[in-house]
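Undergrad: Can you join these two chains into the complex? Each is in its own frame, and there are hints to help.
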Amino acid sequence: MIEVRHLTKTFRDRKRGPIHAVEDVSFAVAPGQIYGLLGANGAGKTTTLRLLATLLQPTSGTATVAGYDVVTAGEQVRARVGFLAASTALYSRLTARETLQYFGRLNGLADSEIAARTQRLADELDMHDFLDRRCEKFSTGMKQKTSIARTLIHDPDVMIFDEPTLGLDIMAARTIVRFVRECRDRGKTVVYSTHIMSEVEKLCDVVGIIHDGRLLAAGTLPELRERYHEREMEEIFVRCVGAEPPRLRPA
Amino acid sequence: MNWSNIFTVYAKELRDMLRDRRTLISMIVIPTLVMPGLLAVVTFITVQVAKDAAAAIPTIMILGGEDSPKVNAALRSGTKVKFVPPAADWKKQIADKQLRAVVDISSGFDRALERGEPASVRIYNYSGELRSGFAVNEVRRFFSDYGEKQVVARLAERGLPPSTLKPFDLATENVAPPEKVGGNIIGGFIPYFFLLLCFTGAMYPAMDLTAGEKERGTMETILCSPVARLDLVLGKFLTILTASLGTVACSLVSMGLTFAVGGPLLASRIAGAGTVAARRGAEQITAMTTLDPLGLVAVLGMVLPMAVLFAAVLFVISLFAKSFKEAQSYVSPLIIVIILPAIIGALPGVDLNARLALVPVLNVSLVSKQLVSGIWQWDYLALIFGSTCVYAAAALALAVRMFNREDVIFRT
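Protein chains in written order, with our numbering: chain F, 4 to 254; chain G, 387 to 798.
The set of hints was computed from the structure by calculation and includes no laboratory data. Nothing here was measured: the structure is a model prediction, and the numbers come from that model.
Below, computed lysine-lysine pairings styled on DSSO-like, alpha-carbon distance capped at 30 Å:
| # | chain 1 | residue 1 | chain 2 | residue 2 |
| --- | --- | --- | --- | --- |
| 1 | F | LYS140 | G | LYS711 |
| 2 | G | LYS477 | G | LYS456 |
| 3 | G | LYS478 | G | LYS456 |
| 4 | G | LYS711 | F | LYS18 |
| 5 | F | LYS146 | F | LYS191 |
| 6 | G | LYS468 | G | LYS535 |
| 7 | G | LYS711 | F | LYS146 |
| 8 | G | LYS483 | G | LYS456 |
| 9 | G | LYS708 | F | LYS18 |
| 10 | F | LYS146 | G | LYS708 |
| 11 | F | LYS140 | G | LYS708 |
So that you can see chain G by itself, here it is in the shape it has in the complex (with noise of 0.2 Å):
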């Protein structure tokens, strides 16, 4: 192994890769805007979501209840709906989806609470329709609680506490550090699409150096110079492997600069809009922007050996292509081999455990999850680096290998 010759190799390869517009597009500029696009169209959707929230209030037909005005005046000022008056063709209206719900109020509503004689109320719906079940739920929200005050009333009248009916309260609170539900929420996301990112950074490069050069003819230029074959696969490896995380530095500082300056301003932006879907997906930005910054570093040390596994494993396949075509043949498949395992990692409730870390992209999708909640466990990221390391060391030399067997080199 000579090093200087190592270093040319290496120096001419980045030099050549940096002149190819290809490259500079797959490298550069996907990942540096894919970040910010992602943010605003998660802005765009939920700004629109809330819009939508506020312009569809349901319309709400009351049917009956004249008799009762007590119950009908606190349901037209208890409820966020729109009430139009009674109608006869009520069926046809709830079908055409221009009446979302019908409520049916029994007669002598008011009067049969006040003796405590049985009442009812229908609701009429457009059953497995969104909007109208919306409707459903703000009307039956309604009537809860107005047959909650009514039990507490009933009961004041026995001389009874509230406490008679619900011995105790119950209640649900968060309590974990917001960057820790933020990495439940995305935390999945992250790591596999630096995952992602690793591979397609290495892709192209991969397939310019080796089946490129076969077609191009410069293979056997380079093969005939006194350089050896080792130091020719290592410097061309380090150039791929330059790629690759060229494109996840580019990325990571284009979402690093996306979520300290257009999370927060979004954010904001959003919440401002007022509605209660603003205010979640104001909640859901802020998530996404606070992640534990240790714990992103820790996967970017995990994605590390795994970057070395990709720029080997796709030397070893696109060198064996004889063309880039071929090479873009073989490959391109692949990307579902990286997609699918990361995709499993980011379901929620499958968690590591000491088989899953050894599967390879799996394991780092899968402990990346807990780094960026802020989980540490050192037996699991020992052993999930350690044998990402083991297989991207038997892939650079298989890489090796292949490219001192002449049928590879020569194949035509």
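With the rest of the complex left out, here is chain F (with noise of 0.2 Å):
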């Protein structure tokens, strides 16, 4: 479960002076769902994510994770957490293996626990021919795979995807999808961030649209699609964000 109160995030930049990056943003997701939060780039979704995991601390507002406030209990809140984003890399110089025991003892598991689950998400993610190489050697769908298993070493409730896609050709992006999909099935919340429509359409059972940090619009597609009388979601985007003039519609 996770709810966000009023969440704001200001950075102060030399030159450029306050920049709101995240403005009074709420929304509310349930365990076994897919919030997609949509938006350009610069939107404010990574800053927003950012603060959902504890990585940035908010200016004012709030938000809890499973239970527990980001603000005064982020290593709770991290424990409960599992975080994948284009911007989170392996350490080159670890095996996969090594990788999974890192992150499973800096979440507390004990050495059998760990070896245990891993063998489990060896075998669900049939990484086992990679397993003791280290992560510089991998191709991208290798290092997807074993990405994965370390945001689900620690059997997480909820799960952050900040554009994990990015990059990715349609092969490896298709297994980031099949596992986002996998996650709400096992009853996980999850909160997805991206910038492709198509993305939005197949995973998300509710969309945000965030834009110059401000959360513009929220609900399900069939909810979004009515109210701006529009099916495809770029057009649903485009009218909500007001980038475009309205069509002229006849008299």
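TA: Following this line, the structure appears as structure tokens:
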């Protein structure tokens, strides 16, 4: 369960002055649900998700993740979150097994438990061929699988994905999309940020459109279609953010 | 603070670091090879100097003095030079460096001395030219001795003892133990060497574990694990410290072996060459290798808080950088900051006082010079150790603070 209430994050820039990366954002995600955060580059998606993962501290407002406050209980929040982003890389000089062991230990798991979970994840993700090889020699697909296993080693209740398919080829991206669905099916609470409209249509139960740090609209896909009188997600998005003038309607 | 997490981070970073070839080179290969290499260079130069000295017997010409066989014979037997027959173009020969000096003995020199009449010797040389200088020194030494003998003979003729003109004997003699002499010659150099290695050993891992992680994208991965940032900083810091001290340890072992085995061996070989310069070279190497071992241990004790300070400072600076390259451009100029006080400390005549005892790097350099010479000033030792610990703690606190700053960690 995730509850975001009036979350605001302002960065101070010496040249540009205060930058409102996230402004008064509120939403909630239930277990077994995928919440899609849709926005252009620089809209505030990454900042919102970093606030949820407690990598950043909010300027005002707050959020609870799996029942813990992101401001006051950062460590408990992180222990219940699996965070996967295009920017979360692997340690190239460690093997996949060592990576899982490292993150398992940091999550307070016993070595026997880590070994059992590594075995199970390697079975599920078909990782046995490269489990004891160093990550530096991995293909993109191997890296993806290892990263997924890394986020799942402590079996978190909440999964946060920040543009996880960025820069991936179609096959690797499909692996990710399938994995996100599996997370939902296992009853995890999922937040998924992207700027790819088709991913939102395929994956998300609820969509939030974020622009210039503000959450402009939120709802299920049918709800948004009805509200904006458009079928395509792309058209809904453009109408919502007001980047183009509304089409002339026949009188 | 969770020690189990700190240890987990430390163990992982250490493993990661030891798998990196660049770290291994800066931590193990360079410090191990540099000391034997240095000794080899010193030996080579000393041998070369000795060889050159032996090869460079100066050529001298005597003008006049044909009517003075006594001084002529004494000059030829009493100097280590080569004589060539007189020639008219001697000035040109000196200018061409074929001749190092020309000795002009006034006519009737022997007879004049016997009668106690004035006589003169002129030495012509190439002023400022090193080997001409050697030749002149040799000839002057001879004539000075020769003159003194004449004085003694004349005094004896008049029934006076030699002490009439030389009422007392004046001599200088070294009574300091060899390790203290060694300490003075080389004392400033050893700690300087440790400080430099301490710094260079920490440099690469510090950049790799901070800016390097940011650049590779692993920083965000580790930050979203439940480990507290304090534990993360301490784990990383301990890794950098280990690299720094590991570098010093490698160089120490290598130095010990070099001095224990290589030093005496080379010294005896050089001394075998037999010349004065060779003997001096052998003495230097022996002095270099006879340092007070307890003092050396104490130097390491002083270097320990210094390593903490270096590791923390390097951590802070590299953490600020966005990429490894940026970190390098911040850290590289710092070597000057380390070298400068260390060089000042190694200069003869710069001695420790209460104010200098508070200047980081310089204080350790100065006190180390004393320690390897067997001088223990406990008040300064305490002051320097204490102040370095305070600086180190402050730098570490700053590192923790910086790690908690979003604008530093997510600087783009």
